[in-house]
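K.L.:
For this one, chain A is given, so just place chain B on it according to the hints.
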Amino acid sequence: MKITDAAVYPYPLGDASIRRLALEAAALGFDSIVAADTPSGTYGGVEVRSGLMIRDVPLKDVISSVKRSKDSGKVISVNAANNNFNRAVIGLKGVHILRGIQSADKLAFDHVAAKMAADNRVAVDIDLSPIIMGRSVARQRAIHRYMDIMVLEQRFEFPITLSSHARSLLDMRNVRDIAGICSLIGMDVPDVERALAGVGTVLTAPKQAVTVIA
Amino acid sequence: MSTRPPTLREKRRYILARIEPAGTLPEQKELYYAISDATTSLWGDATTAIITPAVVALEYGHVVIRCRRGTERELAIALSTVTACRDVRICLRIIAASGTIESLRSRYRPKKIPKSKNQPAPEPESETTATVADEGVEPVLPECTFVKKTFIIVQCNGQKVDVIEKGFKNTNRLFLTKDDLENLNATTISDRI
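Line order of the protein sequences matches chains A and B. One rule links them: number in my numbering = place in the first sequence (from 1) + 3. Here my numbering is used: position 102 in the second sequence is 88, and no number is missing along the way.
Isolated chain A, as found in the complex (with noise of 0.2 Å):
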């Protein structure tokens, strides 16, 4: 089980480089980050990721950019929107995350797309941002929506993953400190080891139900 965080945001996106960010995770005890264009590799023992993430695009671009990334070892993830479209994605194959479900609308994720996405093996994303740098009502939406969201992971099983979301080191924390902050969702600390190994669990191919030995 790799511990890792879902979405961070290095140079020239955010203000660290990756190599930092990597020697800060691992500081911060992660075995592993999902970075955005960056390509792949190990620094001070963090295995960096590479991810992309689609936004703010029609159902059609997602469809070709997850066809042309799909054998690239990439985590792919798409932001999410209204229901249709989250269905959609969620069905695509190559599709790796669900993010930004506190930013759609209310009816965005509900028990069909639950259903779906642990059938597709698809993590909806928890975005820890809101949570730790929000304040009044942007926070209380989005620690609605999050415990809304593990409601259907209670019933469904889908995977979750957890990110930070960082842009700077700064906005990193600890494996200790997600654990207090998912707790305000609900979350108890077999569901935050599950999530932090939410990226390993969704790359890994499923284990078929039934195996022919001969």
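Because the hints were derived from the structure by calculation, they are not lab data. Take these hints with a grain of salt, some might be off.
Unchecked claim - Simulated crosslink set (DSBU-like; lysine-lysine; CA at most 30 Å straight-line):
#1 Lys5(A) / Lys15(B)
#2 Lys5(A) / Lys146(B)
#3 Lys97(B) / Lys134(B)
#4 Lys118(A) / Lys63(A)
P.N.:
Same frame as chain A, now just chain B:
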């Protein structure tokens, strides 16, 4: 008014946190306001009153925060939501919790090296540095280049290098490593400035 006997006093706990980025020196009062704001925003007035956060020490880039016993977890979560202190971006990394301030101080105070008889006399270089500092002359900070821009190194600790772009337009701190600079054909820098 006489002080209460120890058995009647409320039990306290102390949390030690490191202030990042290194070299940031916020005022104790400002930091208290930032922590109090974060706690009130997250837990509300009623719970904050129970936690009663207070900054009791701020030295060597570390802060000791007092709270009521049993509320360490709540305070720790609130501390992880502190992102700025008077418009300066900071982050508090919790190191330890303890029942006494002294045990926390022993964690961050530099240990005194016992004087031995065979110890050589202090080098004259340190005297020169002190004289320069006394005269108020600022030391010239080493420069480096990164993505074809010139930066001033403000902090260097092991592999970690913090830089600020030279000039007055962009004063944001960038967090790099020595490898980043070396790959970009920058100057070689020493561990200490």
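K.L.:
Run every hint past the structure and note whether it holds.
P.N.:
Results for each hint:
1. As the CA atoms of Lys5(A) and Lys15(B) are separated by approximately 40 Å, the hinted pair breaks the 30 Å bound.
2. Under the criterion of a C-alpha separation no larger than 30 Å, the hint pairing Lys5(A) with Lys146(B) is consistent with the structure, at around 24 Å.
3. Under the criterion of a C-alpha separation no larger than 30 Å, the hint pairing Lys97(B) with Lys134(B) is inconsistent with the structure, at around 41 Å.
4. For the hint linking Lys118(A) to Lys63(A), the alpha-carbon distance of about 23 Å falls within 30 Å, and the restraint holds.
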